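Asks: For reference, the chains in residue letters:
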Amino acid sequence: MSNPITKVALRNIAAHKVRLLLTVLSVVLGTAFVTGSFVFTDTLQRTFDSIFADVAKGVDVRVGTEQSGASGVPVQDIDVIAALPGVKTVVPAYSGGVIVLDSEGAAIQTGGAPAEGSAYLPPDRTLGDPETFVAGGPPVAAGQIALNASAATRGDLAVGDTTKVLTASHGILPVTVSGIYDIETDTGGYVGALFTEQQARDLFTDGRHVQYVDVASDGSVSPDELRDEVAAALPDLKVQTGAEVTEDVKSDVEQALSFLNYFLLAFGAIALLVGTFIIYNTFSMIVAQRLRELALLRAIGASRQQVGRSVTLEALVVGLVGSALGIAAGVALAYGLRAALNAADIGLPSGPLQLAPRTVIIALLIGVVVTVVSAYAPARRATKVPPVAAMREESTATVESLRLRTIVGAVAAVAGVVGVVIGAQGTGGGAAATVGVGALALILAVLLAAPALSKPIVGALGAVFARPFGAIGRLARTNAARNPRRTAATAFALTLGLMLVSVIAVFGASAKSSVNTLVDTGVKSEFMLTGPQMMGVPAGAEAAAAGVPGVTEAVGVYGVQAKVGDDDEFGAAMSGPVDNVLSLDMTAGTERIAGDEMLVSADTADKHGLQVGSTVPMTNRDGDTVETTVAGIYEDNQVVGLWVLSPEMLDRFVPAAARAPMVVLLNTADGSDPETIRTGLEDATKQFVVVQVLDREQFKGQQAAQIDTLLAVLYGLLALAVVIAILGIVNTLALSVVERRREIGMLRAVGMQRAQVRRTIYLESLLIAVFGAVIGLVLGLVFGWGFVRTLADQGLGEITVPWIQVLAMLIGSGVVGVLAALWPGARAAKTPPLEAIADV
Amino acid sequence: MERMSSHSAAAARAINLKKIYGTGETAVHALAGVTADFAAGEFTAIMGPSGSGKSTLMHCLAGLDSATSGSVLIGDTDLTSLSDKQMTQLRRDRIGFVFQAFNLVPTLTALENITLPLDIAGRKVDRDWLDTVVSRLGLGERLDHRPGELSGGQQQRVACARALAGRPDIIFGDEPTGNLDSRSSGEVLSILRASVDEFGQTVVIVTHDPTAASYADRVVFLADGSIVDELRDPTADAVLDRMKRFDTTTTVSAAEYAAE
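Taken in order, these protein sequences are the chains called B and Y. Residues 201 to 1040 (our numbering) are what the first sequence spells out, left to right. Residues 20 to 279 (our numbering) are what the second sequence spells out, left to right.
Honestly, the hints are just simulated from the structure, not real lab data. Remember, it's a predicted structure, so these values are computed and weren't measured experimentally. All C-beta atoms in this analysis are idealised placements derived from N, C-alpha and C, irrespective of residue type, glycine included. One or more of the hints may lead you astray.
Unchecked claim - Simulated pairs of lysine to any residue, SDA-like, Cα-Cα distance not exceeding 20 Å:
(1) B:Lys655 with Y:Thr126
(2) B:Lys1030 with Y:Leu130
(3) B:Lys584 with B:Leu496
(4) B:Lys438 with B:Ala282
(5) Y:Lys104 with B:Lys655
(6) B:Lys655 with Y:Gly167
(7) B:Lys724 with B:Lys584
(8) B:Lys724 with B:Thr787
(9) B:Lys1030 with Y:Gly167
(10) B:Lys655 with Y:Pro125
As the list claims (entries may be wrong) - Here are the computed distance ranges between Cβ atoms for each label pair:
(11) B:Arg211 with Y:Gly70: 22 to 32 Å
(12) Y:Asp103 with B:Arg667: 20 to 30 Å
(13) B:Pro204 with Y:Gly60: 51 to 61 Å
Unchecked claim - The following residues of chain Y were derived to be distant from chain B, with all beta-carbon distances above 10 Å:
(14) Tyr40
(15) Pro125
(16) His164
(17) Glu168
(18) Arg251
(19) Ala255
(20) Lys263
With the rest of the complex left out, here is chain B:
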């Protein structure tokens, strides 16, 4: 450290502790977000990986079906496989989703991990590691289950306890815990209930199929050879080696998590962008304040390069320290995020936090590079000032023209508006992408033109907010508009944050009002039954509800997947007359269907060229094809989707084992008391535990609550971006106060009270914050409008602007502005009047 320039740089860092703290903090926040994203997703991935790592242990070849929802492998094929040369063991799998109730009668939460019921097989027939029983023993009779240890602990169940198990197709089953077992893969929230082989077959298969068949070779052939051999014998089935199965599962998990990963990284990028602005702003101001010092260095013979290096080195140290702290903060963030999500019952499997070397490297690199680049530009500008000029002038704020960037910004704005408007005319991915490109152009436009916008907008805001404060207000207004670049850069962080928040708010409000409209205009029934999303309403609940006095009709709406032409499509099948429970807007034909009749939506009719009377071959997941006849065409409807099948078709088309309604709609007799019926329904469905009885308003409320939960997570993440924005404002204001010490001293000298000084800073901050917020909200509403319009075909038919929320955000940003000014304001108020006279 003998290099004098290095010494100056390092002394500089040490000499301005508050400044240093604020700069480091901005780097910390940016990198913490990136680190947190990686750690969080790595942890999830690792946990899921360990759950699925041994899915195919000991399996040489697995025989399944090509389509995931099909009935499975025909039972007779098991014998075909067993007869092949080289095959030692054949293990048919009977498994399916279950919900196991805990000792209190509530479902044991899995946190996104699988909960499955399967058959217990004795060790000599098991291919992988056999279960180790830690208490009790395997199930020996129907109605007994063995449960994995972690699930038993969470459900507070012990050997001999009785509880209930829910399956989609057989509803509720009373069971006794025969044993508790341990397996290597017992991590996260996994629930594994083992039934006797016979009961598993009854519960999870239709008796003619099994899910898949695992095969072990006798060692005479390799897994690859065995696979080819089996595939040749059973050409219709999907045959994979154990290794391939594991790979498939792993890549499925990765794919499922990649969405989350991108999502979190996007937030990381936003946080970093916002952080970059703060870092850039901070260094610009610091360099401006140090012009004289840098000029002195130049005057005594330091070269421009040396001065530039000094600033860069300072940034390097700040970047390194900030990133290192940011990585630590990121791990804490991931930990907190997981805890928060668990608390919110969104529930994800838990495992040790994963901090990969890749995460550390990326975070360090980003933090350091962004900091150094942010510092380099102002440093370069600083070294261009001739030393004598810098030393003589009190402040040589080089006022570069805003014209070029404003013009470019205006062009980008026009392009952006065009993009958003054009995109908003269509629906689907392409249209959304157009809106997205338009949105990016608009963000760029704001970035470029914000300094030019700050004068008129801050002036106008000042006229509203600052006028009542007289001279104080005028000072605040002119201060906020004094340095347009700085005001714009400070406000931009808040602009980005509020832009995203308001886009999401528009989405949420539109989704809610669309659901409300759907229920109001599309559903005739008074009550409905719903179940867990992955399971639907358990079998039996529909019949139980239908028997409640006062209920005149119970119609289940079943989700059906089928191949129509070359397309896989999702539609609905009803267990009763459609027109009694739903109001479809018919454009042709009748809504009364029976037998092989179906209804299609207007869109579907267009797509396949269908009319009333057309016949449509539909293929179910087992490959059975049924000819159906179009009886009516309805306006697109979100409840039923593309088409509606008759009750008879439901029986023929959907395997019983896969049959569980998404929702059961209930009509009641005229004049019946809703409360009596509700009580009756609740009593009748109590045994199904997971079934909820909802009236129309509750259903809307439940949907709204689901949307809110989803949005809460987004808001939580965005809150961090807003926090960074607030810190940015604190940072800028604190540095402006230092810059304006002389002026503040003069104001104190000519009679401004401390409270008035504070108020001036508060108002200035409020104006900057509201300026940023207004732009952010306008952008957000425009983007929200554009994106929601492109989703019109996805059920977001209505665009609702949550005005109250927007107003709240605007007020909130003002409050945030004042809060951000508390500390800088207090510092400013402490300025002694003698500062006015002090030598510069």
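With chain B held as given, fit chain Y onto it using these hints.
Replies: Showing chain Y alone in chain B's frame:
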């Protein structure tokens, strides 16, 4: 030594004012017990070499700095008994300032700068008085300009107008011509002189320029924290003459001090 000026009532008064920086061996007596009256309606210049305590005296008189002991009276008000809030109010309502570096708010127009103390106080601007001041100072054409668009002399005239606008009991000037060329200096000093003669203002300035001091009714000389001399109706030559004399005295006394 310190002769009380008694030909009219005092607008400001320092009584045995001491200002000591540091303690013990290293203590520096910036003001070593100064007693002085500044008569109302009079133009006083405080002079002295660097480190003589002339600026400290003015800061204490103006309520910008607090003394270690002794008291300062502005009219009948004892500054030493005031809270920060009351002191600020006193500066706002009863004192005017003209600083060496002009100290105008760059974002406000000349007119807004002139009325700033009144606006801060929430006092109503006396239009007639303002017009009188503005036209007397020749700022009529410049009122909409920002400080950045004005010359140094013009800026200091705006600062003078700011000090005069509230009709304070007393105006303090801290080297008001220190940053100006001789022509602009003459203008500003004429304005201060005129404000005493025409408006009956009380003005106290600190300066090291004999020519500036020659505009005053009375010059008070400070050295080593004490008043060492004073001169009535000074000319530049007389001031220069006195300064030379007492420069020698201070050199001698400093030498004596060093010898101890």
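Asks: For every hint, state whether the structure bears it out.
Replies: Right, here's what the structure says about each hint:
1. The hinted pair formed by Lys655 (chain B) and Thr126 (chain Y) meets the criterion: a straight-line CA distance of about 12 Å does not exceed 20 Å.
2. For a cut-off of 20 Å, the pair hint linking Lys1030 (chain B) to Leu130 (chain Y) is broken: about 28 Å separates their Cα positions.
3. The straight-line distance between the Cα atoms of Lys584 (chain B) and Leu496 (chain B) is roughly 13 Å, inside the 20 Å bound, and the hint therefore holds.
4. A C-alpha spacing of about 16 Å is found between Lys438 (chain B) and Ala282 (chain B), which places the hinted pair at or below 20 Å, so the restraint holds.
5. Distance check on the hinted pair: Lys104 (chain Y) and Lys655 (chain B) sit about 34 Å apart at the alpha-carbon level, beyond 20 Å; violated.
6. Of the pairs offered as hints, the one joining Lys655 (chain B) and Gly167 (chain Y) holds, with about 18 Å between alpha carbons and a cut-off of 20 Å not exceeded.
7. Simply put, Lys724 (chain B) and Lys584 (chain B) have alpha-carbon atoms about 75 Å apart, too far for the 20 Å limit, and the pair is violated.
8. With a CA separation close to 19 Å, the supplied pair Lys724 (chain B) and Thr787 (chain B) stays within the 20 Å bound.
9. Simply put, Lys1030 (chain B) and Gly167 (chain Y) have alpha-carbon atoms about 27 Å apart, too far for the 20 Å limit, and the pair is violated.
10. This hinted pair checks out: Lys655 (chain B) and Pro125 (chain Y) have alpha carbons roughly 16 Å apart, not beyond 20 Å.
11. Checked against the given bound of 22 to 32 Å, the beta carbons of Arg211 (chain B) and Gly70 (chain Y), roughly 29 Å apart, stay inside it.
12. For the hinted restraint 20 to 30 Å between Asp103 (chain Y) and Arg667 (chain B), the CB-CB distance of approximately 28 Å keeps it satisfied.
13. Separated by about 58 Å at the C-beta atoms, Pro204 (chain B) and Gly60 (chain Y) satisfy the suggested range of 51 to 61 Å.
14. At the 10 Å boundary, the C-beta of Tyr40 (chain Y) stays outside the reach of chain B, the nearest C-beta of that chain being 13 Å off.
15. For Pro125 (chain Y), the non-interface assignment is contradicted: its Cβ lies about 8 Å from the closest Cβ of chain B, within the 10 Å cut-off.
16. With a cut of 10 Å on Cβ distances, His164 (chain Y) stays outside the contact zone with chain B, its closest approach being about 14 Å.
17. A cut-off of 10 Å between C-beta atoms confirms that Glu168 (chain Y) is not in contact with chain B; the least separation is 13 Å.
18. Every beta carbon of chain B lies more than 10 Å from that of Arg251 (chain Y), the smallest distance being close to 28 Å; the non-interface claim holds.
19. The beta carbon of Ala255 (chain Y) sits about 25 Å from the closest Cβ of chain B, which is more than 10 Å, so the claim that it is off the interface holds.
20. Distance to chain B confirms Lys263 (chain Y) as a non-interface residue, since its nearest Cβ pair spans about 27 Å, more than 10 Å.
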